[in-house]
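One-letter residues, chain by chain:
There are 2 protein chains.
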Amino acid sequence: MTGAVPRKKLLDVLAGQVHDRPPVWLMRQAGRYLPEYRALRARANGFLELCLTPAWAAEVTLQPIRRFAMDGAILFSDILMVPHGLGQAVAFREGEGPVLERLEEAADVRRLEPGRLRERTAPVFETVRRVRAELPEDVTLIGFAGSPWTVASYMIEGGSSRDFARAKRWLYSDEPGFDALIALLVEATVDYLGQQIEAGAEAIQLFDSWAGALASPAIARWVTAPNAAIVTRLRAAHPRVPVILFPRGAGPSYRAIAQAVAPDGIGLDTGVPVEWARAELPAGCALQGNLDPLALVAGGAALAREVRRIRDGLGGRPFIFNLGHGVLPETPPEHVAELVRLVRA
Amino acid sequence: MTGAVPRKKLLDVLAGQVHDRPPVWLMRQAGRYLPEYRALRARANGFLELCLTPAWAAEVTLQPIRRFAMDGAILFSDILMVPHGLGQAVAFREGEGPVLERLEEAADVRRLEPGRLRERTAPVFETVRRVRAELPEDVTLIGFAGSPWTVASYMIEGGSSRDFARAKRWLYSDEPGFDALIALLVEATVDYLGQQIEAGAEAIQLFDSWAGALASPAIARWVTAPNAAIVTRLRAAHPRVPVILFPRGAGPSYRAIAQAVAPDGIGLDTGVPVEWARAELPAGCALQGNLDPLALVAGGAALAREVRRIRDGLGGRPFIFNLGHGVLPETPPEHVAELVRLVRA
Numbered sequence: 001m002t003g004a005v006p007r008k009k010l011l012d013v014l015a016g017q018v019h020d021r022p023p024v025w026l027m028r029q030a031g032r033y034l035p036e037y038r039a040l041r042a043r044a045n046g047f048l049e050l051c052l053t054p055a056w057a058a059e060v061t062l063q064p065i066r067r068f069a070m071d072g073a074i075l076f077s078d079i080l081m082v083p084h085g086l087g088q089a090v091a092f093r094e095g096e097g098p099v100l101e102r103l104e105e106a107a108d109v110r111r112l113e114p115g116r117l118r119e120r121t122a123p124v125f126e127t128v129r130r131v132r133a134e135l136p137e138d139v140t141l142i143g144f145a146g147s148p149w150t151v152a153s154y155m156i157e158g159g160s161s162r163d164f165a166r167a168k169r170w171l172y173s174d175e176p177g178f179d180a181l182i183a184l185l186v187e188a189t190v191d192y193l194g195q196q197i198e199a200g201a202e203a204i205q206l207f208d209s210w211a212g213a214l215a216s217p218a219i220a221r222w223v224t225a226p227n228a229a230i231v232t233r234l235r236a237a238h239p240r241v242p243v244i245l246f247p248r249g250a251g252p253s254y255r256a257i258a259q260a261v262a263p264d265g266i267g268l269d270t271g272v273p274v275e276w277a278r279a280e281l282p283a284g285c286a287l288q289g290n291l292d293p294l295a296l297v298a299g300g301a302a303l304a305r306e307v308r309r310i311r312d313g314l315g316g317r318p319f320i321f322n323l324g325h326g327v328l329p330e331t332p333p334e335h336v337a338e339l340v341r342l343v344r345a
Numbered sequence: 346m347t348g349a350v351p352r353k354k355l356l357d358v359l360a361g362q363v364h365d366r367p368p369v370w371l372m373r374q375a376g377r378y379l380p381e382y383r384a385l386r387a388r389a390n391g392f393l394e395l396c397l398t399p400a401w402a403a404e405v406t407l408q409p410i411r412r413f414a415m416d417g418a419i420l421f422s423d424i425l426m427v428p429h430g431l432g433q434a435v436a437f438r439e440g441e442g443p444v445l446e447r448l449e450e451a452a453d454v455r456r457l458e459p460g461r462l463r464e465r466t467a468p469v470f471e472t473v474r475r476v477r478a479e480l481p482e483d484v485t486l487i488g489f490a491g492s493p494w495t496v497a498s499y500m501i502e503g504g505s506s507r508d509f510a511r512a513k514r515w516l517y518s519d520e521p522g523f524d525a526l527i528a529l530l531v532e533a534t535v536d537y538l539g540q541q542i543e544a545g546a547e548a549i550q551l552f553d554s555w556a557g558a559l560a561s562p563a564i565a566r567w568v569t570a571p572n573a574a575i576v577t578r579l580r581a582a583h584p585r586v587p588v589i590l591f592p593r594g595a596g597p598s599y600r601a602i603a604q605a606v607a608p609d610g611i612g613l614d615t616g617v618p619v620e621w622a623r624a625e626l627p628a629g630c631a632l633q634g635n636l637d638p639l640a641l642v643a644g645g646a647a648l649a650r651e652v653r654r655i656r657d658g659l660g661g662r663p664f665i666f667n668l669g670h671g672v673l674p675e676t677p678p679e680h681v682a683e684l685v686r687l688v689r690a
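These protein sequences, in sequence, are chains P and S. Residue numbers for the first sequence follow the numbering used here, beginning at 1 and rising by one. Residue numbers for the second sequence follow the numbering used here, beginning at 346 and rising by one.
Bear in mind the hints are in silico, worked out from the structure with no lab data behind them. Treat each hint with caution, since some may be false.
Unchecked claim - So, partial list: chain S residues that the calculated Cβ filter (under 7 angstroms) puts toward chain P:
no., residue
1, Phe-392
2, Glu-394
3, Lys-513
4, Arg-514
5, Ser-518
6, Ala-560
7, Pro-597
8, Trp-621
9, Ala-640
Glycine is no exception: its CB is placed at the ideal position from the N, C-alpha and C atoms.
Taking the hints into account, I'd like the entire structure generated from these sequences.
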């Protein structure tokens, strides 16, 4: 036994180290597939209350760490905390997904209240403090936010969307107005993530979950540029906190995005071929991904084969094992245990 | 005036010719955005009856040709005609999308009736004959089918899906069973498209609309291989009929798919950067695409700029102007007229 602080493998990899046995965490590793989550969820008066009650949110964040000893603990929260913090009405209805009071025009953007963001999201930072105090020393606490385009799409659509008709009509017909919303979200996101870091987040993930809905010039303007601005400003203020960007569905644009944003790590969605990522993405960027969540649901031989394929394909580079999208509610928890075992074998 | 048959620009481009003014057609160019379509649709007892009544389906196919003088007329039908032809119960409920009696297990696949496919889809071939007889001589008649993975996903999910949980659980847990369904669909699709060609279809488009839902080894096995088998067999039987493959959402895998399937043309979804397509996709393959359908809804300066960008980006290669996905119901028909004007300017 020594008195040294254990190394955090996830941070080492984000700093460029290569490990034979990659660190592992899973998007939505805290959530509905865990019975202990469902038990706690049943006590809260809705999902928003669960997110905004630090004792509960901290407990939910820690549940998968206790069960599976993941290398990373992602804060239990939601990308819609920023719209909520800006004063937009956000509700989560059971089985329906989020419902927001829609932004319809530039005047609605001007009515948002960035000055009250910190106060309205204060419970999130308290959750971060509590988790950090309880987390094993070798586990990295990951804060997160949605990226501006993705968050804007919810704010304009009023929820999730199939074709992003309202958001895209806005961006095609009123570019300066759309730019103003994105600029506001860049500011808000930098502030919100800075507060998470001050409270103890050791790494950040930016979720641009709907990057894949945009044509390539729109990706350059509303995915690449705002994420680059956020990463640059966070890095200037907090040079030791790495940022992982997850531009889901960006396809061939993954390369241009990774080059221009230069995040410490990039999350690969399920569709990105690992050989392509290895050959085409900048060498300085850790790769994270990208098991199909349905292979985790299926388990068995397919799970073992897919884990091996991804480990072999991304080994030799700084690499963090993860899914290509979030854990699905129907996932058997014992398959998650098996996944962690396979990754560390 | 000469007695020569006018050239068909669309076929010329699929044979490798480069034109300054590309030919143009649009996915879902016949449909709900046209008042003359809605008038006819109101007379039919459901969408299936509309598809299976040759006089109506032919009329609907011709409507956008009359209005916009497109270079291609795509048969008005649906990719679920093959499941219908195989004896699976398929219904289209207003505002709900398709509903199919689900395939649950291998025994359900064995109950399908490939022997009755031609008889059950005979009205489709009669539609093709009628359209061909009425089509202006410089317009190319495009037949189509769904690709096996995409059609299988509907057959297993019982409709459209968000995460393809049932279909993917099947393919991860029972590869031989899934292979058997895909093999059956390859046979059925070759037969069905062969009948369309016999009836007068001059080019074929294969829609692999959900290619983007799969991880890369699954793309190789269930997108690339079956589409390659279909293209090879159609080409052997009908060497003069070109095939366009649309593997929507395939991202970086577009290149491997285009190389292995070697279609005459490849449809690019909205997210594929045109510079990337031009540099990375095989020179022998015509490129088709890829305007964002929402830019067409928006119209105005954004539409003009996007059309110019795509024309400039793909010019110099054999290139067919199209959308990156289907025309949306809320599209103003006058924007489509403007698009055609811009493409031909």
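### Message
Less than 7 angstroms between beta-carbons is the criterion; does S/Phe-392 satisfy it with respect to chain P?
### Response
Given a least distance of 19 angstroms, the restraint on S/Phe-392 is violated.
### Query
Can S/Ser-518 be said to touch chain P, with a Cβ gap under 7 angstroms?
Since chain P brings a Cβ to about 5 angstroms from S/Ser-518, closer than 7 angstroms, the hint holds.
### Message
For the restraint on S/Pro-597, tell me whether the closest CB of chain P is nearer than 7 angstroms.
### Response
holds (4 angstroms)
### S/Arg-514 as an interface hint toward chain P, with CB separation required under 7 angstroms
holds (5 angstroms)
### Message
Let's test the interface hint: is any C-beta of chain P closer than 7 angstroms to that of S/Ala-560?
### Response
holds (5 angstroms)
### Task
Using 7 angstroms as the Cβ threshold, decide whether S/Glu-394 counts as touching chain P.
Violated, because the Cβ-Cβ distance from S/Glu-394 to chain P comes to roughly 26 angstroms (cut-off 7 angstroms).
### Task
With chain P as the partner, please determine if S/Trp-621 meets the hint condition of a C-beta pair closer than 7 angstroms.
holds (4 angstroms)
### Query
Any CB of chain P closer than 7 angstroms to the CB of S/Lys-513?
Hint on S/Lys-513: holds, closest Cβ of chain P at ~4 angstroms, below 7 angstroms.
### Query
Any CB of chain P closer than 7 angstroms to the CB of S/Ala-640?
holds (5 angstroms)
Hint check: violations occur at hints 1 and 2; the rest are consistent with the structure.
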